[in-house]
Amino acid sequence: MLINAIASYIATLCFAVIFNIRGKNKYWAAGGGMIAWVTYQLALSVGISQVYSLLPASVLFSAYSEIVARRLRTPVTTLIICALIPLVPGAGMYNTMFAVVRGNTSEAIELGLKTLGQAGTLAAGVAFVSTIANITTRIRRRFPL
Amino acid sequence: METGRILHIATYAGQIILENGGETYRVEETISRICQSFGIEVAEGFVTPTGIMASASKTPADVRSVIKRVKHRTVNLDKIARVNELSRQNIIYPMPLDDFYEKLVEIDGKKAHKPKVVIGAAAVAAAAFTVMFGGNLADAFAALLVGLIARLITASISGMGVNDFFVNLAGGAIMTFLGLFTVWVGIGEHTPLIIIGSLMLLVPGLAITNAIRDTLAGDLVAGVTRGAEAIMIAVTLAAGSGIVVGLWIQFLGGNI
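Protein chains in written order, with the numbering used here: chain A, 4 to 148; chain B, 1087 to 1342.
Hints are computed from structural coordinates only; laboratory data are not their basis. Honestly, I wouldn't trust all of these hints.
[Claimed, not checked] Only pairs whose alpha carbons sit at most 25 Å apart, straight line, appear in this in silico DMTMM-like list of lysine to aspartate or glutamate:
| # | chain 1 | residue 1 | chain 2 | residue 2 |
| --- | --- | --- | --- | --- |
| 1 | A | Lys117 | B | Glu1315 |
| 2 | A | Lys27 | B | Glu1171 |
| 3 | B | Lys1157 | B | Glu1315 |
| 4 | B | Lys1196 | B | Glu1171 |
| 5 | A | Lys27 | B | Glu1105 |
| 6 | B | Lys1144 | B | Glu1188 |
| 7 | B | Lys1157 | B | Glu1188 |
| 8 | B | Lys1197 | B | Asp1184 |
| 9 | A | Lys27 | B | Glu1192 |
| 10 | A | Lys27 | B | Asp1194 |
[Claimed, not checked] Which stretches of chain A does chain B cover? Using the computed rule of at least three CB atoms under 8 Å from a CB of chain B, they are:
| # | segment |
| --- | --- |
| 11 | 21-33 |
| 12 | 86-99 |
| 13 | 122-134 |
Note that the coordinates shown come from a computational prediction; the quantities given were computed from them, not determined experimentally. The beta carbon of each residue, even a glycine, is placed where N, CA and C say it ideally should be.
Working from the sequences, and respecting the hints, build out all of it.
Rendered as structure tokens:
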């Protein structure tokens, strides 16, 4: 698990470099990727399905990104784009393609639907948090403490 | 005169954001914000991932409009953050129009990371992803090589001005071939992990994020376009990879 966490941190950090994030922001972005992957692995180990495990993972990393982006005064997207990468269902894509190449249609359809489901769950998690964050900013603006 | 110049500068700022991977709603907001900070109350932009249309008017009789086509897109999140910050700052501490323009030119001219750094980062990222998916050290080393060579080739192909979809197709094919090859030679052990780890480099993370955020912002045209882009990238990647896997099974056989 520790190796997993470190690997996801390094992978996201490299992506932050590829996407040209400068300064200390890239270390924060990498933290988001690590949170995403560790949560996903934890959810899987508890026995939650491969599709549904992505929901807690995406909710947590987006919440982290929203909070950190406000602290760092940087657009939220710059963090989310990097932190989301480890959760993109690349493995599902590859396995679907592999089933197609071997002519295993029923498996291909099953895996393809699962991959689409994973992408959808990921999107739902990000959308959920971003909407909540929007509402909170609006409430704060209307009722400043 | 002044209205037209302000609008030009505002769309220039929008163009920088759009060209470097920003969301379209952010471009629209930035254009309106910059125009307002220079005293034009009525300014609207209509932005799609491939172009900007904006118009501004100080008096009803004096309407100016600008259309800017965005042809090539890269990813440089640093520029987005900087333009965003500049446009927000200008509301609180307004600066002269010329200074604002100079700052935009300065941001636009900022160099991205050197190709060497990016290629190195891609190689390390591929290795890290392979470990993340459960690969061992040998797999990580193989993925490092695959990521390095594949990034070198895809970067030089896209430098020649080839369209993005072909770059993805070729990238998927090259990564899969190298992944199979490294195991065949005996560097790595688990072929799928090496291939998936390197394929993660080309996965449409940016398109997915922008599709979600544009849809949420009510920008349906851009949201659907970005979503379609994400699916197209995924399909071309899988197709490139599939062609190689198919040929490999055909000619060399064996279990992959």
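Evaluation of the provided hints:
no. : hint                     : result
1   : Lys117(A) to Glu1315(B)  : holds, 20 Å
2   : Lys27(A) to Glu1171(B)   : holds, 16 Å
3   : Lys1157(B) to Glu1315(B) : holds, 15 Å
4   : Lys1196(B) to Glu1171(B) : holds, 15 Å
5   : Lys27(A) to Glu1105(B)   : holds, 24 Å
6   : Lys1144(B) to Glu1188(B) : holds, 24 Å
7   : Lys1157(B) to Glu1188(B) : holds, 23 Å
8   : Lys1197(B) to Asp1184(B) : holds, 22 Å
9   : Lys27(A) to Glu1192(B)   : holds, 21 Å
10  : Lys27(A) to Asp1194(B)   : holds, 21 Å
11  : 21-33                    : holds (count 6)
12  : 86-99                    : holds (count 10)
13  : 122-134                  : holds (count 7)
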